[in-house]
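Each protein sequence line maps, in turn, to chains A and B. Heads up, the first sequence is in the working numbering, so the first residue is 1 and it goes up one at a time. Heads up, the second sequence is in the working numbering, so the first residue is 1 and it goes up one at a time.
Simulated from the structure, these hints should not be mistaken for laboratory data. Just so it is clear, the structure is predicted and the values come from calculations on it, not from any experiment. Among the hints, a few may not be true.
[Claimed, not checked] Derived pair list, reagent style SDA-like, types lysine to any residue, alpha-carbon separation capped at 20 Å:
no. : chain 1 : residue 1 : chain 2 : residue 2
1   : B       : Lys251    : A       : Gly45
2   : A       : Lys141    : A       : Arg239
3   : B       : Lys286    : A       : Gly45
Residues per chain are reported as follows:
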Amino acid sequence: MKVTRGRVIGHLLILGGLLIAALALSLSLGVFDLDFVRALEGGPGNPHRDVLETRLVRSLLAIFVGGVLSLVGTLFQAMTRNPLADPFILGVSGGAAVGATLAIVCGVSSLVLFGIHFPMAPPAAFLGALLALAFVVRLSKLGRGLSVYRLLLVGVVLNFFASAVVMLMKTLAGAVEVRALLLWLVGSLGQGSFEEIVMLATVAIVGVVLSTRKALALNIISVGDSGASLLGVDVERLRRRLFILSSLMVGAAVSVSGLIGFVGLVVPHGLRQIYGSDHRLLVPASFLGGALFLLASDGIARALFPVLGSYAPVGVITAFVGGPVFLFLLLREEKKRGELGL
Amino acid sequence: MKRFGVLLSVCLVLISCSERRSDSPSSPSPLKEEEVRVVSLAPSVTETLFALGAGETVVGVTSSCDYPPEALEKPKIGDFMNLQLEALLQVSPTLAVGVKGAVSQAQRNQLEKTGVVLKLVEDGSVAEVLAGIQSMGKWIGKEKEAEGLVQNMRAQLATAEVAKPRTIRVLLVVSWDPLVVAGPGSFVDDVMAVAGAINVAKHAKTDYPSWDMEAVLSAAPDVIVECLMGKFSEPLSRWARWDSIPAVATKQVYALSPDLLLRPGPRVGEGVDALRAVLLRAESRKGESR
């Protein structure tokens, strides 16, 4: 499929339109009987405005967290040439969660500089993600190039390790922190703040812009390292930079929402089926598609509230969708390798 | 190593069983008071045992038992949901007292094998707490003390009944993030009813439902009571963003001790009093504004 500038813009406009429609739907969905006209009236003590604000914060959180996780999934899949790579599966989200919870349990959840409170969970999550990613890449490269199964296995180990660390902190920390810590293990979009959305949006925009600029190089890399080097792409340097950028995005998302799995797996695959694998389109599209996916998952969680009487964490919904997709892809990959005699 | 441990514990169990069997025909009588060695399997049970003046007979507590302060010095036999059989046997108890929902069938079987008598109390409501105190008094030979304690608590609750607020709709928050509130069927829901509060989550489908802010906004409680464990900032500052909630608009957001309200023990009367004081304040305010 030939990708022209016009086609890219056309597809992105369609996805963007769908996202706006989903946002409108999400804003009008909920247990409260919301009157939009009254919500837009000013003045304190207006429940309609508060409800609209709550829904808006929640939806924006879903958009940015979903978009970022899906984008990182696309980047990981291109850089590792592994269709099953995803920040959750590789344990990078787990590393971020460990970083953030360590910061919280050790009581350094915010740093005061010049009278301004800086939350420390996002930078700690970023460091955790970066360390985990460095660990995964280093270990799976031992011997020879990045092996698909080795990468997955190291990710599995890392995830177990991360949940063990969180569980250890659960036994050491007080009781309520416990609930909050468990939340890290099943992601949720519970109570975001505008500050968190601004932080996430900034990271997301930087991430989308920088990785879209590297889209052509990603196309070359996904063919093979040696070919890419021949074509003048400094593979190691690009990989290093994109890994740091990905860690930054995962850290920002996880520090706000905890571990929401499989977004980075399901969405890029779905989009590749529709758009092919040209990263000039795939990279920005995976951000919009991920946003759409998580917004829809959150919509399901919220629509289930009157039935369940309780909110299912959105991570549960994405796992219900993502688990089967992962298995399907794994089996297909096996078959493909079998046919190629690998 | 593991096999050795299993073998050893099997031996220990056999030894303890055989001892019991050998001395049971000679002493079929109920346990004498000085012979009672009790382990408590729940914080509320520990509080009751101490309140009955049976602190010396307590030889083991869970790691969550933090009241009265003397309880902290007792040997630990694991935590509330996860008791360590070995640590329990180490203190050679004659009686283990726990709470019905918190002791699993597997733990019951384990205890049965060791010959430790296991007694369980119900703790789903204030009435069950009172009944539990009386049962515990019987088990440890402190019936009189138990009767006295229950009388006192009844008197305390009766005062609550006299000046009972009846119109205040309350949201009781047990966890901030994720937001978890007290629903129907929880112990604290009964405490709220006794104190005269109308629980805005009474139609929820579970005892501790997880809510989001929109659910709180549509429930529009008059008073918000937080019972959070751990350190938290001043509650009103956290809720100020949602100033259309009546409780926030009228500054009726309070933090009360989870130990008094959520723990089904002898201090529940104090919990009811504390909650009622908050409700009465809110009610008088509501009256003024009319």
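Each hint, compared with the structure:
Taking the CA atoms of B:Lys251 and A:Gly45, the gap is about 12 Å. The hint holds against a cut of 20 Å. Between A:Lys141 and A:Arg239 the alpha-carbon distance is near 13 Å, which keeps this suggested pair within the 20 Å criterion. The straight-line distance between the Cα atoms of B:Lys286 and A:Gly45 is roughly 16 Å, inside the 20 Å bound, and the hint therefore holds.
The earlier numbered hints are all upheld by this structure, with none contradicted.
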